[in-house]
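Visitor: Put chain D on the given structure of chain Y with help from the hints.
Listed below, chain by chain, are the residues.
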Amino acid sequence: MTTTTLNAPTAPARTGHPGDGTAGTRARRTRLLHWIAVHTVAVAAALSFVLPFVFVFLTSVMSDRQAMSGELWPDTWHWSNYVTVFETPGFLDWWKNSLMYAGLGTLFTVCSAVPVAYALAKFRFRGRRTALVLVLATMMLPPQVVVIPMYLVWAQQFHLAGSLWPLIIPMAFGDAYSIFLLRQFLLTIPQEYLESAKVDGCGELRTLLRIVVPMSRPGIAAIALFQFFFCWNDYFGPQIYAAQNPAAWTLSYGLESFKSAHSVNWNLTMAATLLVMAPVIIVFFFAQKAFVEGVTLTGVKG
Amino acid sequence: MATTTTAPAPAPALRRKRARERLRLLGFLSPWLVGFSVFFGYPLLATGYFSVMHYNQIEPPEFVGLRNWRYVLTQMPLFGPALWNTLWLVVVMVALRVVFGLGIGLLVTKLKTGVGFFRTAFYLPYLAPPVAATVAFVFLLNPGTGPVNEILGTLGIPAPSWFNDPAWAKPSLVMLSLWGIGDLMVIFMAALLDVPKEQYEAAELDGAGAWGRFRYVTWPSITPIVLFAVVTGVVQTMQYYTQALVAGKLASGVSIGPGTVIQPGYPDHSTLTVPQLVYSLGFQNFNTGAACVLSLVLFVIAMAVTTLLMRKRAGLLPAED
Chain Y
1 MTTTTLNAPT APARTGHPGD GTAGTRARRT RLLHWIAVHT VAVAAALSFV
51 LPFVFVFLTS VMSDRQAMSG ELWPDTWHWS NYVTVFETPG FLDWWKNSLM
101 YAGLGTLFTV CSAVPVAYAL AKFRFRGRRT ALVLVLATMM LPPQVVVIPM
151 YLVWAQQFHL AGSLWPLIIP MAFGDAYSIF LLRQFLLTIP QEYLESAKVD
201 GCGELRTLLR IVVPMSRPGI AAIALFQFFF CWNDYFGPQI YAAQNPAAWT
251 LSYGLESFKS AHSVNWNLTM AATLLVMAPV IIVFFFAQKA FVEGVTLTGV
301 KG
Chain D
1 MATTTTAPAP APALRRKRAR ERLRLLGFLS PWLVGFSVFF GYPLLATGYF
51 SVMHYNQIEP PEFVGLRNWR YVLTQMPLFG PALWNTLWLV VVMVALRVVF
101 GLGIGLLVTK LKTGVGFFRT AFYLPYLAPP VAATVAFVFL LNPGTGPVNE
151 ILGTLGIPAP SWFNDPAWAK PSLVMLSLWG IGDLMVIFMA ALLDVPKEQY
201 EAAELDGAGA WGRFRYVTWP SITPIVLFAV VTGVVQTMQY YTQALVAGKL
251 ASGVSIGPGT VIQPGYPDHS TLTVPQLVYS LGFQNFNTGA ACVLSLVLFV
301 IAMAVTTLLM RKRAGLLPAE D
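So the protein sequences, as listed, match chains Y and D. Numbered according to full-length UniProt numbering, the first sequence spans residues 1 to 302. Numbered according to full-length UniProt numbering, the second sequence spans residues 1 to 321.
Be aware that one or more of the hints could be misleading.
Label-pair ranges, simulated between beta-carbon atoms [claimed, not checked]:
1) D/Glu198 to Y/Arg124: 49 to 55 angstroms
2) Y/Trp35 to D/Leu73: 16 to 22 angstroms
3) D/Ile151 to Y/Gly103: 50 to 56 angstroms
4) Y/Arg217 to D/Trp211: 40 to 46 angstroms
5) D/Leu193 to Y/Arg124: 31 to 37 angstroms
Under the rule of at most 20 angstroms between Cα atoms (straight-line distance), these lysine to aspartate or glutamate pairs were calculated in the EDC-like manner [as the list claims (entries may be wrong)]:
6) D/Lys112 to D/Glu21
7) Y/Lys122 to Y/Glu71
8) D/Lys110 to D/Glu204
9) Y/Lys122 to Y/Glu192
10) Y/Lys122 to D/Asp194
11) Y/Lys122 to Y/Asp200
12) Y/Lys289 to D/Asp194
13) D/Lys112 to D/Asp194
14) D/Lys170 to D/Glu21
15) D/Lys110 to D/Asp194
16) Y/Lys198 to D/Glu21
17) D/Lys110 to D/Asp183
18) Y/Lys289 to D/Glu204
19) D/Lys17 to Y/Asp75
20) D/Lys110 to D/Glu198
In case anyone wonders, no lab produced these hints; they're calculated from the structure. Remember, predicted model here, so these are calculated numbers, not experimental data. The C-beta atom is built at its ideal place from N, Cα and C for all residues, glycine as well.
The shape of chain Y in the complex, shown without the other chains:
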């Protein structure tokens, strides 16, 4: 008994068997080898996922001359490259525009998606299935399919080409993806809560604001994050509506022209690239849980 506890403390289930001392050791060795194999693969894979960031960062602090060589490690660390990027004409405006697009876009989307998702999740009515199918259909629709007539309307009727408003305004009228995601979340709220609220005399609107919204905070956080990231990352939208007016460019759109303007200065381009990535990654670390929950919700629940 003493040998078994010494040899296989992690496998107490086997203690009863005779001769289990060696079996325990072998099992432990197999487990150790398995651990080493799996973690070696994981380290190698993780390295290849992280190295692109590392190279981008290292190049972003090189001198102009060194960035044109193939060297990997900076001789001297030029943090001033980041200052140079910020001082590039337009760069701060792009930041402001990105924040406005992403901020207002997220606000509008959340406000419009909550009531629609609630109705689709909790109301029973004829045509509910059809409505859901249509929401899914819009979700699957490539944005290029409807962009030409929409552009013509915004440019010719409203004279809003050259601004981001044609991208922001539609978000006040429900984004299919957010509606679908939030609806999936709202389905998990037990019907009893809503019924007891109604027994207490709450109307639908009061039930929504007092019961449903507080209970679905994780779901709302997820759609807000997704929408923020979508706007921040959007390239196609700003290219259609803001291309002709550099004052309305966003970071994602401006970055590409930044590269063209500094075609030889990889160091500055890499510094700008990291500055475009940074907000998204910072937001992610603050809201990791809501985010991963949201990703899971799109695929697994339903």
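Guide: Same frame as chain Y, but now just chain D:
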């Protein structure tokens, strides 16, 4: 009580209640009803209208019948390459992403130490804004001074020209998309953790090895998620635009600014996708009719795939409906 049974009073009361309920429903749905008709219904009809019109966005549209359709489908030189590239990406990129995502998902669920670190490392690249990720990859893979070719050179491995070589440009885009595998990894991880543990134990008792356990326990329970990943992947890849466009533009080294028209799909149209062609026709050549024809082709394919999705994966729609 007596009056309610004799008089027809409940009918109007009930009707009023019904009407109020319908009004409330309309109120809750109104943002989407407006949005759907204005930003989906109208432009779709208008796309159909413009597809039979000659319209250069200055002079008034002029009816030309099926001329745009004939032009796009039979005469336009770039339609073939664009469709081929899009289909190539749909097949290769989606297949590799699903396999790779499942592999990384399996790997992470097998880890015992540092799970949080590895999960974050695999997830972060997915968050990188597409333009930024593409600029980074064009730098990493640039044949002149890129770190990747620098390292391959040191190791004595012949290095391709990646985004500057027509044969390697699409594979380079696939590498970029595999770097951003984080979304699929999370979905697969959740699915893998949902597989009941007892089933693995039962399979082990029956003498199943690692492959047997995967084939007979893991695979059957994750097939719905695999199917979901495939179909959403197909839909997303049909819209593939930003990365291909930015990579082509930057690798070509052509300086671009407002008003500069460059041939999309550098090198040699190898990165030209159907959505890029829609943009280029509609916003650079001002051939609205042809652009709308191409939009409708894209629409039909997207809807066919969506229908397939809803047939095969009924789980997307709740069972009780």
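Visitor: State for each hint whether it applies.
Guide: Hint-by-hint comparison with the structure:
At roughly 37 angstroms, the beta carbons of D/Glu198 and Y/Arg124 sit outside the given window of 49 to 55 angstroms. Roughly 58 angstroms separates the CB atoms of Y/Trp35 and D/Leu73, a value that falls outside the hinted 16 to 22 angstroms. Restraint check, D/Ile151 to Y/Gly103: a C-beta distance of roughly 41 angstroms breaks the suggested window 50 to 56 angstroms. Between Y/Arg217 and D/Trp211 the beta carbons are some 43 angstroms apart, a value that agrees with the proposed interval 40 to 46 angstroms.
A beta carbon spacing of about 33 angstroms between D/Leu193 and Y/Arg124 agrees with the range 31 to 37 angstroms that was offered as a hint. Straight-line distance between C-alpha atoms of D/Lys112 and D/Glu21 comes to about 54 angstroms, which puts the hinted pair past the 20 angstroms bound. Restraint check for Y/Lys122 and Y/Glu71: the C-alpha separation of about 60 angstroms exceeds 20 angstroms, so the hint is violated. For a cut-off of 20 angstroms, the pair hint linking D/Lys110 to D/Glu204 stands: about 16 angstroms separates their Cα positions.
The hinted pair formed by Y/Lys122 and Y/Glu192 meets the criterion: a straight-line CA distance of about 12 angstroms does not exceed 20 angstroms. Under the criterion of a C-alpha separation no larger than 20 angstroms, the hint pairing Y/Lys122 with D/Asp194 is inconsistent with the structure, at around 27 angstroms. Annotation: proposed proximity of Y/Lys122 to Y/Asp200 holds, straight-line Cα distance about 18 angstroms (limit 20 angstroms). Restraint check: the Cα-Cα separation between Y/Lys289 and D/Asp194 comes to about 18 angstroms, which is no more than 20 angstroms; the hinted pair holds.
The straight-line distance between the Cα atoms of D/Lys112 and D/Asp194 is roughly 17 angstroms, inside the 20 angstroms bound, and the hint therefore holds. Proposed proximity of D/Lys170 and D/Glu21 is contradicted: the alpha carbons are some 54 angstroms apart, above 20 angstroms. Proximity of D/Lys110 to D/Asp194 is assessed by CA-CA distance (about 14 angstroms); at most 20 angstroms being required, the pair is judged to hold. With a C-alpha separation of about 14 angstroms, the suggested pair Y/Lys198 and D/Glu21 falls inside the 20 angstroms cut-off, and the hint holds.
Proximity of D/Lys110 to D/Asp183 is assessed by CA-CA distance (about 18 angstroms); at most 20 angstroms being required, the pair is judged to hold. This hinted pair does not check out: Y/Lys289 and D/Glu204 have alpha carbons roughly 34 angstroms apart, beyond 20 angstroms. About 78 angstroms separates the Cα atoms of D/Lys17 and Y/Asp75, which puts this hinted pair outside 20 angstroms; it is violated. Simply put, D/Lys110 and D/Glu198 have alpha-carbon atoms about 16 angstroms apart, close enough for the 20 angstroms limit, and the pair holds.
Violated hints for the displayed structure, listed by number in ascending order: 1, 2, 3, 6, 7, 10, 14, 18, 19.
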